Every structure is written in structure tokens, then in C-alpha cells.
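Peer 1: Residue numbers (UniProt numbering), protein chains in the order written: chain A, 1 to 243; chain B, 1 to 243; chain C, 1 to 243; chain D, 1 to 243; chain E, 1 to 243; chain F, 1 to 243.
Since the hints were made in silico from the structure, they are not lab data. A couple of the hints might just be wrong.
Claimed, not checked - Calculated lysine-lysine pairs in the DSS-like style (CA-CA distance at most 25 Å, straight line):
| hint | chain 1 | residue 1 | chain 2 | residue 2 |
| --- | --- | --- | --- | --- |
| 1 | B | K23 | C | K53 |
| 2 | C | K19 | B | K23 |
| 3 | E | K53 | D | K83 |
| 4 | C | K81 | E | K23 |
| 5 | A | K53 | A | K144 |
| 6 | D | K83 | A | K83 |
| 7 | E | K57 | D | K53 |
| 8 | B | K57 | B | K147 |
| 9 | A | K16 | F | K23 |
Remember, it's a predicted structure, so these values are computed and weren't measured experimentally.
Protein chains: 6
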Amino acid sequence: MERVDGRRPEQLRSVKITKDYIKFAEGSVLIEMGETKVICTATVEEKVPPFLKGQNKGWVTAEYAMLPRATQIRTQREAVKGKISGRTNEIQRLIGRALRAVVDLESLGERTIFIDCDVIQADGGTRTASITGAFVAMVLAMHKLVKAGLLERIPVRAWLAAVSVGKVADSLLLDLCYEEDSQAIVDMNVIMTDKNEFVEIQGTAEGYPFTREELDSLLDLAKTGILQLIDIQQLVLGEEYAF
Amino acid sequence: MERVDGRRPEQLRSVKITKDYIKFAEGSVLIEMGETKVICTATVEEKVPPFLKGQNKGWVTAEYAMLPRATQIRTQREAVKGKISGRTNEIQRLIGRALRAVVDLESLGERTIFIDCDVIQADGGTRTASITGAFVAMVLAMHKLVKAGLLERIPVRAWLAAVSVGKVADSLLLDLCYEEDSQAIVDMNVIMTDKNEFVEIQGTAEGYPFTREELDSLLDLAKTGILQLIDIQQLVLGEEYAF
Amino acid sequence: MERVDGRRPEQLRSVKITKDYIKFAEGSVLIEMGETKVICTATVEEKVPPFLKGQNKGWVTAEYAMLPRATQIRTQREAVKGKISGRTNEIQRLIGRALRAVVDLESLGERTIFIDCDVIQADGGTRTASITGAFVAMVLAMHKLVKAGLLERIPVRAWLAAVSVGKVADSLLLDLCYEEDSQAIVDMNVIMTDKNEFVEIQGTAEGYPFTREELDSLLDLAKTGILQLIDIQQLVLGEEYAF
Amino acid sequence: MERVDGRRPEQLRSVKITKDYIKFAEGSVLIEMGETKVICTATVEEKVPPFLKGQNKGWVTAEYAMLPRATQIRTQREAVKGKISGRTNEIQRLIGRALRAVVDLESLGERTIFIDCDVIQADGGTRTASITGAFVAMVLAMHKLVKAGLLERIPVRAWLAAVSVGKVADSLLLDLCYEEDSQAIVDMNVIMTDKNEFVEIQGTAEGYPFTREELDSLLDLAKTGILQLIDIQQLVLGEEYAF
Amino acid sequence: MERVDGRRPEQLRSVKITKDYIKFAEGSVLIEMGETKVICTATVEEKVPPFLKGQNKGWVTAEYAMLPRATQIRTQREAVKGKISGRTNEIQRLIGRALRAVVDLESLGERTIFIDCDVIQADGGTRTASITGAFVAMVLAMHKLVKAGLLERIPVRAWLAAVSVGKVADSLLLDLCYEEDSQAIVDMNVIMTDKNEFVEIQGTAEGYPFTREELDSLLDLAKTGILQLIDIQQLVLGEEYAF
Amino acid sequence: MERVDGRRPEQLRSVKITKDYIKFAEGSVLIEMGETKVICTATVEEKVPPFLKGQNKGWVTAEYAMLPRATQIRTQREAVKGKISGRTNEIQRLIGRALRAVVDLESLGERTIFIDCDVIQADGGTRTASITGAFVAMVLAMHKLVKAGLLERIPVRAWLAAVSVGKVADSLLLDLCYEEDSQAIVDMNVIMTDKNEFVEIQGTAEGYPFTREELDSLLDLAKTGILQLIDIQQLVLGEEYAF
């Protein structure tokens, strides 16, 4: 099966990560995966949420949003509706949880890294692009803390990236664009480290259940995509950002 | 390792499903898994959401809540806070999505099955108990439609149940109670059919990533639990409810 | 006139109070009056609202809600609407006010008894059943404080119960079920102590005003019902809970 | 006991009702009871709420609010808090219910009388003053409908007024001002017609229950106040407004 | 062109300012400009907003609202909608900003003057009437602080009033009533001091842009109106309130 | 006085307008004025708000927001606070009003141009940059309607741009950056057409009133800036977009 944009089943879209995209943020990137574009910023706050006070640990949390015309049809602003949708909530909880899984919160000290992922153009895979970009923005912000003498080293235990995989008709595909995603009968988001370990797996049958064999093949596909994304992250950050 | 309540690692808590628990609902159960107790009701509405109008298809949707004193420490009502939490949103979206994966929405016709899962006592695994109970409540409500001549048969393609598995210290455990859940370093909810197919997998590393081998073992453990739960569902419903 | 469920005009529905119904709450009951079923819990909090700080007095407050399928037609959740209805507000203010009228707040000390009344099945008289049940849950929670040595005695001045009375067609009836309530032309809720004293009277003409003589007869009817309810409360609690 | 403002126990405060106080409303009054001042307006809307559509009946409903500096200490606006308080809800439901009890909704036809009671100065008894004033504003608006040929006669079955009574220390008092109200141990609002019939009785024990004898005396006291208020209403409206 | 109410183009409506209109407020007026009537109160609070703490400066802030039947067609309450409209927000920010421009916040000390402007009848120019009235209410409240020995003198640098001007058809008009305002093609609100200085100019083309010459003429017209309003303010306050 | 970024008093910051910046919107630009960067999109909706239905007229409306890290200190999302701030409301009302002043709404037909201005980096002058950019995005969207044969010509009567001017210390400055804006004692936003006509003037004294002479000089300064901005708009759009 030919994919809608001519890619091979196991091929990522073209990926571009522009670092220091927003002047005022401690860390920031513009990540582009095909036509999906997300601004990720990392803000350092010298305090932690109430439930962590006095525990000598830090925190990483995230918020996610889309500009109204990121989408083909204009989406109403959540600020206008007066509340965050269920979908937004799920995504921002996922981003924060994934990043925390690779951060050494004790070494971070009593401070919070506040991640903002704002989708300015949406063509599928916005949550996985957000995680891949947010990881870089977070490392950039942590590096500033190191340079300022506030941290000894970047308190991260592994590189982290995310990608979607899915079953469309009879094909298993890597990195679904919007058109593919809307036809998928299995939809899976996988978040992994550079050590081939899982941080989160979310696999959903859209109408039809899937077998253990399909699950295994999708996880293999995700792994190849994630290793490529981590290569790009390392290239963008350069050797200075080792951990 | 001895579990806190003396169970073996691969042992479910005692399960009890009481059908027709609420007089006015078209379908209802009280499901008890150990100390976790959830009232699940199914309401039939002879209309569908706007996005489905005129498509000759039905819909299944769900809401989830906890009574304030379901928990050890009283939890503030979401109605008082004026908004649904991110956690609640995630859970109710999950319940609806899982049930829809085994329902033949075309055969259901232009009507909605509205599921309510209200936790009256919470000791871990409330979302998986909700799904296992909600499936039974939904089938009870559909059976009423069959008896009333509105449906030819119960429009369900497979039996469905859900269970949690996780890694606590070095042990892989089935059906975590609250105390185990709060110490787990891997936490996974698995929803499967009686045909050994997956409807949803949500695996999360709480602080430490997990390997492919651990994933495989956890999925095996989940499968044994789900088959037992489906046996209980079938016993409760009896032969009249075949599909 | 024969009542819809065959009762005599001055007859209560069958009443059942199950104590310690919810494991985690300091005090709890399930109260059933005919088909009306309410879970009442009492939570002890070792603080008082801001307006009482430093006054050496305690507080009793209440919240009330209904599960969506407590009713014949599914009711939308207030958490989904994002606000508490006027009816809910009136009822929970009434429950709190009634309980405070018989509690010695000075003896309670600087702590709050937080009452939750959650209707799981509604067939009329939910607010009066809530008060009758909440009183028992509150006493159970206070008794725990006595056993823990935090209070010398249960700081309650009188037994308290509530019942509805009303005029349906030409009959004055005790303890209206939903069908009677919806046809009543006078509707009255009466809250009294075991000493024949009033704590609250709320009488409303639904369309047609009522006379002083009707008022007097309805109050007599309420009194007989309340004394029976207090007998049941005393039986459930047993002699250990004297005050 | 001398009352704080020198009145006798059974004496109303000075009452003044100014009709047509707001130019644009179909009916309006400024009612002053001592220092309590309320603007009551009645708006005619040529439609009914959804639950009444097609039933050839009208509706009367009410909203109540206070200006922030109606009170001694500035009160935060409910619009700023983003929600209506429980107290406001109770009061506006009471006003609407009381007026409906004397209106012939069938004769009113499919239209709504929308009452607004806005307290500009609050010195106790704002809900009873609102009802007494709202009745006059409603009749003024109905009279306009009669003059416009839309109604044959004012569709009201009885005159209606409201007053508070209460027990302060050992005295039973009529028409409590704020200072008295805040010390009352029994607080009762009574709404009656000119035919000595009750439309609503709300009696509350503030801390201490009250006896049947006290109830009887308070109702007698309320009756004398209400008859005086109805005299004033009749004087203000004049003979043209007979019904 | 004859104006709808017979005024000359450069003529104000009849203006009346009644001081001490609300008993409980530290400062209050009822200001009437033609049929527009606004209750303005000033409340003194002995604290400042968080962003000013510890700076030895005071603050002046304002809220604005309309009674539902201030307008010809009933307006829904913002408390019922659950949020403040954009228009209300703009007006209350404007009132606060304008008053602060003539107040010596350092001399005021760490206290806040809280202004409430509640329109009870609206016939155009409610925001400018609010400012003109609020200035007087504020001075009255400050004068109480002087009399109480809390301030040495009224901390105001200039008299302040506001008026609307506009272009209706071909005429430039002072102090537009509602009917004129709704037809205006240029609409301008001007706030000035007694020293002929501007505090705020807001000029808006309603559909058609305006020229520099028109701007100049409108500002001249506004100036004559404002000087008359300040004369009235001085007359109402009397010599005691000099600053 | 040297300006903080070395500009002359009457010098604009460097301006860049990138058209078709967002793929899915009917019209879009990224406008950069110095470090201030705003994404402006125009969405065409084939319907009008209820108050315009059936009048054969179109509408232009706008929403404005900032990404949380557009600012030096992270700003909380309005969607999280659950409401739009007063400042946001003022700005989006201003943008819509300004654009409508130069659009021929009759020629636009019964459709709405929905403008979104999202500030991704904020260094002062975000509302004026939004208007200058939104005008271009709107014309791009209208041009698509012309090309699609839905409009005969672009229904715009004049070019439109906006700029800020202000008084900082003793200097009158054009196009204030954030640091200048925060020190300004007079702050003015001016919106003009290419025909030297005003669409909106908003001048505010920040603490100290300003004179008629200062007003005149500021308006002259604004005019020179606006003419340069319109030149840039015309260059970006090219001759194809004449109207």
C-alpha cells in the first residue's frame, strides 16, 4: 500500500527541531514532523507543588494546547469554553508523566520544570511530537541551570522520544499523519528511551480488537522510529548536552 | 513476596457482581472486587450525539465519579470544584472507548447507551472494575431492548473485561489493591475480550522504565485474570444473555 | 383513599438503617425508606471553617447529591453542568442547619463533622431520609471520637429525625413517595427532636394556599412519624450510644 | 424588652412602596421597610420555559441580588465569584414559588412574568420585603397587559405579602431588623394571603428547638403584620387594580 | 438638527448628584444624567492588592454592573451567565484607571478605595456618569478618613469628570442619550481634569473613520461639558471638601 | 534621550510580515515588530452571528491570546483560569471593531471573517501588531473568496494599520517596546487608514494627565508610523490585492 504522502510504512516524516525558538523561555524548540508544528518551552520555577514541599525533590509538569487554526476546521479556544477538554487533559498528563520517568527528581532539587507545548499546526501525532520536542526544551533549560552553577549536571537518566504507530487497513505504519490516523483501526503511542525501555504504551482498538502478534509488530516499528528521533535530538543539542 | 492481603501474585481479589442493583436503570450492577465497590448503570436514550445523526448507528458513552468518602481521606466533589478532573476525564473516556470496541454500533440503531460508574468504596482498580461491571450493565440494558422487540439480538461481538497488573518491588502482580498500586513502579491496565484480543493497553512507568520482557510477562498475567472475570460475568448473566 | 402503595394515610414506608456501610468513613449508614436509598457518611476534620477559628467551637456541615440513575429518568451530573443546582443547595443547607440545632458545638471542640448524603435510589423524601440517616452517621463518628478519648461524651442534645407530610387530593398523608409528592397540593418537611420540639418546618402551597387547621393536622401527623423514626435510630445504635 | 429601634414587639417598621420606580420595566416598585430598600421590577416575556410549552399556561419566576454595598461590610459580587450562592438560590426560588401560588397561570396565558428583586440597602428582612414588593410590581405589569387588551383581568387569586417573625432572647418579635435577626434563636418567614391562608412557612431553630406553643404565637404575630402590609399594597395600587 | 430630547448640540442633560445615598457605604452618591441613573459607592479597605504590598502606596479599583431592568429589554445577569462580559470589563478597568490618575496613591497609604457603580436605569452615557459620580463618592470616603485622623488631607490632585461626545448624522453632539448613541458614527468618551488636562480619550469610528478636524471639534465640545460637571461636583461637595 | 534599543524617537522597530504562515487557515501571517511576534489567521465561516441573521451583511470578529512563555515571566493560561481576562477582552474587541470600520460588510455577504491573533513572543505593542497583521490576514482570506468567485472584489474601503505612541520621561516616542511601555506616563494606541483618518484613538494617562499640545504631537508621530506600516502591508500583499 502506498501511503498518502508517498512514504514507506516504516518511514518517519521529515523531522526538524529548531532550538532557542522563543527568546524569553529558559528552554525552547520548534519541532516540525511533516506538517505538524509544535512550540515547546521549558520554564524553570524555583518552587514545587504543595504536595512535594520540603522533600528535597523537584517536579516536571506540562500543559498542552492548540491554536484555533492549527486544524483544518477552526477549533474553539478552551479559554472561551471556560474549560480544558478531556483530550487536552489526557495529553498534558501524559507529557508530564513521560518526562518525569527519565528525570532524576532528587538531583533537580526543589524546583519545577514547567513545560508548555503549543501546537501551531496540526497534522497528526501532536502529542508524540510534543514529547519529543519537550524533552529537548527541558534539557536546554536544565543546561542553563548547570551553567548558572545551580546544578552539577543535567539530571536526566536517559534520552526520551515518542512516536505513533498504527494499523490502517491491513498495513502497520510508523508515524501516522492526520489522514492515516483518522482511518486507523489500531492506534498506539509509544514512548521509549535510548536504552530500548518503555516509558509508556497506549494502544487502543478503534472498533476492532487487535492480536498479540500485531502488538509485537507495532512495538518493533515504534522502536525503529524512536531511535531515529533520539539521533536527531542528539544532533540538535550537540555534545555539550551530554548526561 | 507475600502480598498485603495474603494473595498469591497471580490471584484476583474476591469478585462479586450483583445484577439489577438499581431499580430504575435499564441495566445495573454492583461490582465488588475486594473492598472496591462500584455501582454501574446503563441508561438507554433513543437518540445519538449530534456528530452521529442520520448515520443509522448507535453510541456508547460513560461517566465516572467517586463518592467523597469512597476514599480513606474525603475527596472534594467535582460538582463543588465546578469541573471534572483530568483523572476522571481519562477514565470515563477509557470506559466508553472500551465498550464501543465490542459493540456493533450499526445493529444498536440510532440510540445511545449511557453508562454511569459511581465508585462507592475505592481500594484500587476502580477503572478496571468499572469496565468489567459496566459491560454487564450494558448487556442487561440491551437485553431489555431485545425483549421489547426493539433489537433482534444483543449487538455485542465479544465478552469484555479489564484488570490491572503491575510491578511492585521485584514482583509482577495481578489485580493491585490500593496499597500495592501506590508502590508500583510499573502500572498497567489491560482490557481484553474472551477471544484473547486486546481492546486497550495502558502501561506506565512510574519513575523507572520497563523492558520488553517485563511487558510480555505482565500481559500474560493480565490474560489469566481477564478470563476468570469473563467466567464470572457469564455466570451472573446466565445463558439467556448469549450473543 | 387508598394510597398508591397500599399504606394507610398515617403509615411510614418500611425503614431500614444499615450502619457502618462504608468502610473508610468515620460514621456511615445506608438508610432505606421504601425505595428511597441514601448513603450517609460522616467525616471528622480536625479544623473549622475560617469564620469559626479560635472560638473553641466545632461545626457540622453537609453535602447532598444524587447518582444520575437514582431517578426514573437519568439526571445530568452537577459536576458536568459545572454547578450545584438551587435545589441541591437548599437541601444541603437544610441538612447542616438541622444537625447543628441539636449538637453542642462548644463540646465538639474545634473540629468539623462533614456529612455527605448521596442518594443512590430516589422515590420521594430524599431530603428527610438524608437527615434521619445523617443523624445516625454523625453519632457513629462522634462515638469514635469518644472511644479515642478526644471527646468525653457524644455532644448531642436530642435525637433528631425528619419526615415529609402533605395534602394529596383531600387526604393528609405521612411520608410521601414520589408519585404522591408529585400530586401534592401542600408539601411540608418537618424536622423534630425526641422532645417534641421543632428544628425546622418548611411548608409550601403548591398552587393553592392552606389553612391554619390543615397546618395543625399535618404537624400532628409528622410528629407520629418522627417518633417512630427515632425509635428505629435508637434500636440501630443500641445503648452504647446514649447521650 | 425595648427593641433596638424602639418599636413594640408587634410593630412593623415604617413601610413605603413607591410604584413605577424604574422607567423601562413593565412593573416596578421601590419598597422600603425601615432601612431595608429593594427595587422590584416585573418584566413580561411572551414565552414560557421549555417544560411548559404548548400547555396554555404562563409562568412566574424571580431573581434576587444585593448590591455589594447594600451591606455594612462590602459583599463580593456573585458575577465576580462566577456563581450564585446557596442563599441567593433559596431566596429566588422562594419568591417565584410564593407568587405562583396566587397567580392563575392558565389565565395568564403562554407568557412569563420575570421578577427581579435587587436589594440596594439591607437591614434584615430582604426576602420578605422582596416578596411584598414583587407582588405589587407583578400586578402593575399584569395591569398593563389588561390595558393593552392582552388579558381580560389581572389573573391573581389573592393579595400576598410576607413578613419575618422570630424569638429574640425571651421575646417574640414582628419584622426583625438585621441586629435582631442576628440574635434570633427562632427565625421564621411567613407568606400569607389576604384570606388568612398560608403560602409558605419556613421556621428555623437557630441552635435551640422551639415548641408548638411558640410556633402558634409566632404565626399569630405574622398574621397581624401581613394584614397591615396588604393594606399598604392596596393603598398604593388603588381601586383600579382590583381582582 | 433638533435633538431627540430638544437639547442644543452643546447642551448637557439635566444633572443631579445626591450624596450619601446608601447608608452603609463610606462614600456614596446617586448620579442622574437625564434618565441615566447610577448608584456609586466607595468602600475603604485597610489593605492593598498583593502586587502593592509593602510599597507604602494605596490603590483605587472599580466594579460596574447594571440591574437587569436598567435597560429597555431585560438584560441577563452576569452572575447567572457566570462571567463578566467584555463590555463590563472594559468599563470597570476604565473607571479605576481614570480615578487613579488623579489620586496621590502614596498619600492614600496602604489602603484600597473600592468603587462600585451600579446602573439602575440606563439611557446612554453610563460609563461617563459612573466616573463623574464615582469621583464624588471617592472624595466623600476620603473625607471620612481625614475626619477620622487617618489622612491629613484628601489625597486628590485634581477634580475629574467624564462625558461622551459623538457625531450623529452631520452634527457633533455633547452627552449622547441612548437613542443618539445608537445612531452615532463617531463615539468618544473623554475624561478630563479641572485643569483642562486629559486623563483618557477613547474615540471610535462606528463604521466610518473620522478626520483630525472632527477630532479637534469633539474635544472642544467635551471640554465645555466637563467643566460644567466639575462645577456641579464642587457645588454638591461644598467647601469642606477642598483639596 | 537614547532609546533602550538605540532607535530615534520617531523610528519604528524592524517590521517583517510573512504571509501564508499557517497552512490550513484561509489567510495567515506571522508579523514581527522587533521582538514582538504574532501569528494572525483569518477563518471564513459561511454564517453570521444571530443578531445579523437575514440582514444581508457580514461580520468580522477577533480573538487574541498569548502563549504562556511569550512573556519574560510565564503567564498562566486563560483556559486554566477558566476565564478570559479583562485585558484580553478589551484587546479582542478592539481588533474586531477596528477591522469592521474599513470593511464593507454589505459586500462581504452573510459570512463571518474570524480573526485569531496569537502572540508567540511579546515585547510591547502586541495589540497594535495584531491589528496590522490581522488586516493582511483578512485581505488574504477575502482574496481567496474573490478567486473562488464568491466575492466580486475585496470588500475593504481603506488600508488599516495601528501603532503605539507614548511619553517616556520627557520624550514623545513612536512604537514603544516593553521596557519603554512600562515606564510611559502617557500611552496611546492609534489606528488609522491610508487616507489619514482615524479609526480608533485610545490615550491613557498613567498617573499624570496630559495636555492638548502633547496629544497633538503624539497623533502626528503615530501618523508617520502608520504610513510606513501600510507601505509594508502593500509590499507584502503585492498588486494583485488592490481594492
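Peer 1: Starting from the hint list further up, note which numbers the structure goes against and sort them upward.
Peer 2: 1, 3, 4, 7
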